[in-house]
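Top to bottom, those sequences are chains F and D.
According to my numbering, the first sequence is numbered sequentially starting from 1.
According to my numbering, the second sequence is numbered sequentially starting from 117.
No wet-lab data here; the hints were simulated from the structure.
One or more of the hints may lead you astray.
Here are some of the chain F residues that sit facing chain D, going by a computed Cβ distance under 10 Å [as the list claims (entries may be wrong)]:
1) Gln38
2) Gln42
3) Met45
Within a straight-line C-alpha distance of at most 27 Å, the following computed BS3-like cross-link-like pairs (lysine-lysine) qualify [said to hold, decoys possible]:
4) Lys173(D) x Lys186(D)
5) Lys20(F) x Lys66(F)
6) Lys66(F) x Lys41(F)
7) Lys186(D) x Lys41(F)
8) Lys186(D) x Lys172(D)
9) Lys152(D) x Lys41(F)
Just so it is clear, CB atoms sit at the ideal spot from N, CA and C, and this is done for glycine as well.
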Amino acid sequence: GAVVSQHPSWVICKSGTSVKIECRSLDFQATTMFWYRQFPKQSLMLMATSNEGSKATYEQGVEKDKFLINHASLTLSTLTVTSAHPEDSSFYICSARDSGRGYEQYFGPGTRLTVT
Amino acid sequence: GQQVMQIPQYQHVQEGEDFTTYCNSSTTLSNIQWYKQRPGGHPVFLIQLVKSGEVKKQKRLTFQFGEAKKNSSLHITATQTTDVGTYFCAGDNYGQNFVFGPGTRLSVLP
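Turn these sequences into a full structure, and let the hints guide you.
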């Protein structure tokens with residue numbers, strides 16, 4: 001149990017366009033979802049935390065207007081990278097937590113974004 | 117803000133040798149979690165430690181949480197090639213912050 005999926009697994013887009021990444025918890029209800037980005041051979045940097053039905057809480061230095069997060073249901077959160085630039089190219093990983101199960105986070109497989 | 121450090125950054129061992137990675141937080145934690153990320157993969161939850169001084173074992177892996185709840189360690193006995201990957205600790209500061217350490221990359225030579 002506790003499977004999290006992400007779609008797409010990889011995407012290439014042109015500078016200036018927007019990209020939406022979906023994160024779904026397949027067999028549990030995710031009261032909280034987290035979005036991370038990871039550069040090659042580096043750690044995961046938390047971008048934002050979202051609770052179902054409320055606005056996301058962004059970490060310092062993360063632009064809210066650039067990285068739009070929507071957690072519309074207990075099984076789906078989306079991250080939209082708006083007006084993407086090459087420096088936004090990264091590995092974006094979501095994770096989900098079910099408050100009923102404790103603090104454990106279940107990670108999705110990640111989405112590799114390349115902006116040309 | 118809360119900082120989580122890990123040492124060493126890299127560790128190369130011969131198969132069969134032991135391996136330990138250490139995690140230190142700048143603040144007291146409510147709990148600490150350990151994750152393993154294989155090359156090209158995503159982090160996979162290993163364990164959570166909550167109590168001061170807690171020790172948990174999973175087969176060849178032993179996890180410890182310090183008395184002050186600011187540090188932790190992961191020890192692998194008799195490493196195998198399947199242990200290759202990056203081991204991250206993540207500190208939870210009573211729900212206020214959840215911060216991953218930089219990770220320790222383990223390579224195991226057969």
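Here is what the structure says about each hint:
For Gln38(F), the suggested interface contact is upheld, since its CB lies about 9 Å from the closest CB of chain D, less than 10 Å. Proximity of Gln42(F) to chain D holds as hinted, the smallest CB-CB distance being about 7 Å (cut-off 10 Å). Taking 10 Å as the C-beta contact cut-off toward chain D, the hint placing Met45(F) at the interface holds, the least distance being around 8 Å. Distance restraint check for Lys173(D) and Lys186(D): the Cα-Cα separation of roughly 19 Å lies within the 27 Å cut-off, and the hinted pair is therefore satisfied.
For the proposed pair Lys20(F) and Lys66(F), the alpha carbon gap of about 12 Å is at most 27 Å, so the pair holds. Among the hinted pairs, Lys66(F) with Lys41(F) is consistent with the structure: their alpha-carbon atoms are about 24 Å apart, no more than 27 Å. Restraint check for Lys186(D) and Lys41(F): the C-alpha separation of about 25 Å stays at or below 27 Å, so the hint holds. Proximity of Lys186(D) to Lys172(D) is assessed by CA-CA distance (about 17 Å); at most 27 Å being required, the pair is judged to hold.
Pair hint Lys152(D) plus Lys41(F) holds up; C-alpha atoms about 13 Å apart against a cutoff of 27 Å.
In terms of the numbered hints stated before, the structure departs from none.
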